[in-house]
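K.L.:
Here is what each chain is made of, one letter per residue.
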Amino acid sequence: MRRFLRPGHDPVRERLKRDLFQFNKTVEHGFPHQPSALGYSPFLHLMAIGTRSGAIKLYGAPGVEFMGLHEENNTVMQIHFIPDQCQLVTLLDDNSLHLWSLKQHSGASELREEHRFTLKGPPGSPPSATQITAVLPHSSREVLYLGTESGNIFVVEIPSFRVLEDRTITSEAALQRVPEDYCNRRSCELVEALREHPKNPDQILIGYSRGLIVLWDLQNNKVTHHFLGSQQLENLYWQRDGSKFISCHYDGSYTQWPVSSDNRQPEPLENVVPYGPFPCKAISKIYWQTTKNGLPYIIFQGGMPRASYGDRHSISVVHGSQQTAFDFTSRVIDFFIIFSSEPTAEFDDPSAMVVLAEEELVVIDLKSAGWPAVHPPYLASLHCSAITCSHHVSNIPLKLWERIISAGSKQNVHYSNMPWPIDGGTNIAPDPPQRDLLLTGHEDGTVRFWDASGVCLHLLYKLSTVRVFLTDADPNDNMNTLGEDEWPPLRKVGTFDPYSDDPRLGIQKIYLCKYSGYLAVAGTAGQVLVMELNDEDAEHVVDHAEADLLQDQEGYRWKGHEKLKTRDGPVRFEAGFQPFVLVQCQPPAVVTSLALHSEWKLVAFGTSHGFGLFDHQQKRLVFVKCTLHPSDQLALEGPLSRVKSLKKSLRQSFRRIRRSRVSSRKRRGGGGNVQEANAKFDPDALQEMELAPVQRKIEARSAEDSFTGFVRTLYFADTFLRDSSRHCPSLWAGTNGGTVYAFCLRVPPAERRMDEPVRAEQAKEIQLMHRAPVVGILVLDGRSTPLPEPLEVAHDLSKSPDMQGSHQLLVVSEEQFKVFTLPKVSSKLKLKLTALEGCRVRKVTVANFGSCKTDDYSENDLAVLTNLGDIQIISLPFLKLQIRYPCIRKEDVSGIASCVFTKYGQGFYLISPSEFERFSLSTKWLVEPRCVVDIPEVSSNNHVHTRSGVENAYRDLLLSCKRGKQGGTCGEHCDRAVASSKVGCMWQNYLGG
Amino acid sequence: YCFGAEFRRFSLERSKPGKFEEFYGLLQHVHKIPNVDVLVGYTDIHGDLLPINNDDNYHKAVSTANPLLRIFIQRKEDADYSAFGTDTMTRKKNVLSNVLRPDNHKKKPHIVISMPQDFRPVSSIIDVDILPETHRRVRLYKYGTDKPLGFYIRDGSSVRVTPHGLEKVPGIFISRLVPGGLAQSTGLLAVNDEVLEVNGIEVSGKSLDQVTDMMIANSRNLIITVRPANQRNNVVRNSRTSGSSGQSTESSLPSSTPNILANFLQGEEESDEEDIVIEDSGEPQQIPKAAPTNESIESLTQIELLHESTQNGFLPSSEMNLNHSAGSISMEYEVQDPDHKSLEDGTIITL
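Here the protein sequences line up with chains G and U, keeping their order. Just so you know, the first sequence maps onto residues 11 to 1003 in this note's numbering. Just so you know, the second sequence maps onto residues 232 to 582 in this note's numbering.
Careful: at least some of the hints might be erroneous.
[Said to hold, decoys possible] Computed far set for chain U versus chain G, every beta-carbon distance over 12 Å:
(1) 251
(2) 258
(3) 291
(4) 362
(5) 366
[To be verified] Result set (BS3-like, lysine-lysine): computed pairs, CA atoms no more than 27 Å apart in a straight line:
(6) G/209 to G/254
(7) G/254 to G/295
(8) G/707 to U/378
(9) G/254 to G/232
(10) G/842 to U/378
(11) G/502 to G/295
(12) U/378 to G/838
(13) G/409 to G/472
(14) G/377 to G/420
(15) G/842 to U/520
(16) U/378 to U/291
(17) G/913 to G/27
(18) G/834 to U/520
(19) G/629 to G/575
(20) G/420 to G/472
(21) G/890 to U/520
(22) G/629 to G/809
(23) G/232 to G/67
(24) G/834 to G/27
(25) G/900 to G/890
(26) G/838 to G/863
(27) G/232 to G/209
(28) G/900 to U/399
(29) G/707 to U/399
(30) G/254 to G/377
(31) U/520 to G/840
(32) G/842 to G/809
Don't read these hints as lab results, they were simulated from the structure. All C-beta atoms, glycine included, are put in the ideal place defined by N, C-alpha and C.
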């Protein structure tokens, strides 16, 4: 029973482990899933986004990010910054108000929830009496005005949230002296909008939903003006000087009202239906911005003609004769205008419009001609086409980095040059330690190159493979080609486009060699493209080769999708990565593994049928190996063939899947959404589930199982395959059925590289008797160090591998880790995972961990993600478990599937279709936001932060963790605790010195 | 009298093996032990040590020889019955540890009920002495049989006695037995039995999928501890008054049983050292264990084994090279060159 005991505690090793390993979730990249509210502080230049799962995220200058999470996980309905303060108030859909503040701790600002409050009416009053519909933080910074469904406006003090009952503005008081007939028609109205007078803080404008607008004098507690609107009110906006305001309405009209001291019941100045005369949709928000030249900017959301454009998500900008209706790819959540906020400035002079749509953030430069879009430095919509795979490359050489940026800049010419207008706060994080690239493959056949070095995940360059193929997409299908006199003057903006023209274009595997600039990408229909970086546009023919992976196996018929049709003749490619050869696997099944060796100029690829090796220098197929078990019909037919309808309407089906994925996938910790999603379940389906209890078949794996031939991993190594005196290039492949194939390669020397063919010969075949899928193969050199990457040694970035001592082979299956000797294969060591813990390996990578204490110590370990969402670090070469961290909820299958590790102990996984969570396992390499938001007045009050305060906060965090455990959904709560204050790690750092 | 450790290699007509009696006589003749009662065993294709004591299993043995039939002969009175039916060759550690600890085994009385050496075990109840009476630990011998394990598990709930009284807790239960499967044919498992442990690891707190994965990962040597739904067929022990768990001091069974458990677990440890390598499109071979250190019993050569075995009644082993008459047996692999087969590292040809 000894082996069940924990390994003996070696205090030296334990101390070293503390210096090497540490788990932190550091930052969320990408676009928040299901945003529900937007706020902006012109004072702080910070933007806040709330989500349906109760998260609140603040963004300023690039690198300035804060995140908080409401414990209730309820939808954030409204966000309001307190004027001239580092504070904001959120309203959730459970009618609770939350006060958040940015405070400085140990040099960096943190976002923390200070107070929460739920408005309570007198006993017996209906809930609508206190249902908050409008929030106005008063410029005095002392009170909030809360408009409710009942029409009453409550006044609460901040930060205490004490209700000042004597200052409540009842609807009765507001309705005094309103003409009888108007009053009768419109009783029982809810407060739709509250706006403070821009010049006189003692006056607020109250808009009731049925159209009545009241100017209220706070000093005398009485109405000064009544504006008798006839249309259902949507929103209000003051003009800068306070002499006029605009109301916008449900019928698609807006009205300008004068405010003068003599007329207490003014008539509207003008009433406009901008997209009339046919019935229009509501204008839900409007801005009226003055400029020096006299022509105002009128910016409004909605108002489109119902019948023909009722489905558009638009915001119109009108400036003199210029008018554009920006047409967004998804529903507009909210928007704001950045304009001159100096109280002394005479005009608004709007500079930019920031629009939060459901799937992306769009910023429009209003100062440049043509109103171009501004390229956001963060909040990228990762899911503009669904992410199908990702690949991380650490430590990119400067040369390649610059070339990629240069290729990308040529793609971004249509963006505005305006500096990013939301520039609050200061990023004080140290510069990223190195240049890292995250490559994401997408369903539409594109590969996006992201700068993943720092806190802001920024798009550098987008590569499309579509050009190589002929697709059904109509090249003239361009939404933007609208004629001059089109009305309404719609203009598509944004990049979110989830609909793939052809799902076969989807990218499945990516391999980039950072030294040579060679890139291999492989897709859903068995296509493998090898590309080279070219700084110029070029037109050339892409060479084709076919790899028949079934070889001479007879009697099979592929029932899956067909291969993609290729374009004949030369194809024009823009600067960047340009494909020069296409290897088409036959049958055209999805490519399941890919490896590129840039030094030998070889690319290896595998599908569910077998694998092949292609010489991309000579453009010649070296060999193919069929791994298919003869009885495995399922693999042969292709997984898609089982769903007949799919073939018929492949595209629609994929869209449907996507849509359901988007709606059902929730962000982590989104307890509220779970309930919501559960509630949506068909009760019949639930009943069915109860009738047939879930059961699992217990059966040993056998050679006859389906998909045993599925090639899971490919690996190039220069090692001792045949005898211990000569090493040679080799290719290793691991299958789903637990088989490892090793091929001995003969690559001609450089001078004869083009003259002699590359030869390959099978040297070994290892069958793991537990038959679990092989997910990783690795060769360790004589010093037990993993072999370096191709060209790494040539670039002086790695020591030459030790070819004196004997090499070892590490085979990682889903169930076990095994070390074998080479060249004679004998088993040396193993670590069983599944048999002992019931978890399986999902992802495995070698990572280098440096000590945070000394610069001269680092070691290689395996970073492993299991199907339960745990991360384990396992030592090399002795396969000892070092440490284990819960990372992803085990139910979050897509999160686990999307995880990528970096070479330096960091990682990324999708927490929603549009967001990557970044985590770090290393004490040394930690990329996390660290920033300061300065505000002179406030910081003087909050400067004295005692250590005990920090400790209290940390204790709160721990408590919330504990509570979470009791609640049973521990992972979720821990997640939330970490998320609700990612500053937690900062505290730890602080406390630890 | 002590037998020498030696090989005898001789040929036999594959198509006409003859009768067991003749073969027995031949063995006695070849080994020059005409008057000693011996047990004859052979290793089958799965590496199991199986008995030869009648015409049927003799014919079976000859027909499965591929191409060598390796025979083990033990003096009957010294025979270690427990060796039979276990996959002797592939899990040498297990067998050897029995063999190499003669003091353990000499004390152990063999309670021979029938002729266990005539059968290949498919399952066994183990650790009866250390488990509560309400529990049953069942070992399913998947190796060497084509039968599927053949059962399903499901989620459920059971009632536990805790310091705070009765408590309903989630549990894993057997939900279905496949007719003709190993699980059903043993009769030791039944629908609604609660699964408590898989190969010594408690399942409480683990999800259905986790337990499934653990069982499949251990499927070649699955030991599951269940609380049978039907508690009437439990083993009754007079030494124990209640079903409390823990080690009994006055166990009626030999005190060496914890060693058996250890052996089982060790056996499990080694049970998948059966990975196979094919070098240069040659013969599939079992992957040996590397680094012949002192802890590695596996690396003992066969010669040593034979030396040691004399104490335990092992007779010299025989390897027969069968004359395969043309067409009588189709063989995928050519006759193994006896010299090529490296006895030094204990490599076994399994195909």
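K.L.:
Confirm or reject each hint.
P.N.:
Here's how the hints hold up against the structure:
1. 251: Given that every Cβ of chain G is farther than 12 Å from that of residue 251 of chain U, nearest at about 33 Å, it holds.
2. 258: 33 Å, holds
3. 291: 23 Å, holds
4. 362: The assertion about residue 362 of chain U holds, with a minimum of 14 Å to chain G.
5. 366: Answer for residue 366 of chain U: holds, closest chain G Cβ roughly 17 Å.
6. G/209 to G/254: 12 Å, holds
7. G/254 to G/295: 16 Å, holds
8. G/707 to U/378: 14 Å, holds
9. G/254 to G/232: Satisfied, since the Cα-Cα distance of roughly 20 Å is no more than 27 Å.
10. G/842 to U/378: It holds: about 25 Å lies between the C-alpha atoms, which stays within 27 Å.
11. G/502 to G/295: At roughly 20 Å apart (the allowed maximum being 27 Å), residue 295 of chain G and residue 502 of chain G satisfy the hint.
12. U/378 to G/838: Distance of about 31 Å is beyond 27 Å: violated.
13. G/409 to G/472: 18 Å, holds
14. G/377 to G/420: Holds, at roughly 23 Å.
15. G/842 to U/520: The hint holds at about 16 Å.
16. U/378 to U/291: Status holds; Cα separation ~19 Å.
17. G/913 to G/27: 18 Å, holds
18. G/834 to U/520: 11 Å, holds
19. G/629 to G/575: 20 Å, holds
20. G/420 to G/472: 11 Å, holds
21. G/890 to U/520: With a Cα-Cα distance of about 19 Å, the restraint between residue 890 of chain G and residue 520 of chain U holds, given a limit of 27 Å.
22. G/629 to G/809: With Cα atoms ~31 Å apart, residue 629 of chain G and residue 809 of chain G exceed 27 Å; violated.
23. G/232 to G/67: 39 Å, violated
24. G/834 to G/27: Given that 27 Å is the threshold and the Cα spacing comes to 34 Å, the pair is violated.
25. G/900 to G/890: 23 Å, holds
26. G/838 to G/863: Judged against 27 Å, a Cα distance of about 33 Å means the pair is violated.
27. G/232 to G/209: Distance ~18 Å between residue 232 of chain G and residue 209 of chain G Cα, so the pair holds.
28. G/900 to U/399: This hinted pair holds, its Cα atoms lying about 24 Å apart.
29. G/707 to U/399: Holds: residue 707 of chain G and residue 399 of chain U sit about 25 Å apart, inside 27 Å.
30. G/254 to G/377: Holds: residue 254 of chain G and residue 377 of chain G sit about 25 Å apart, inside 27 Å.
31. U/520 to G/840: 11 Å, holds
32. G/842 to G/809: 32 Å, violated
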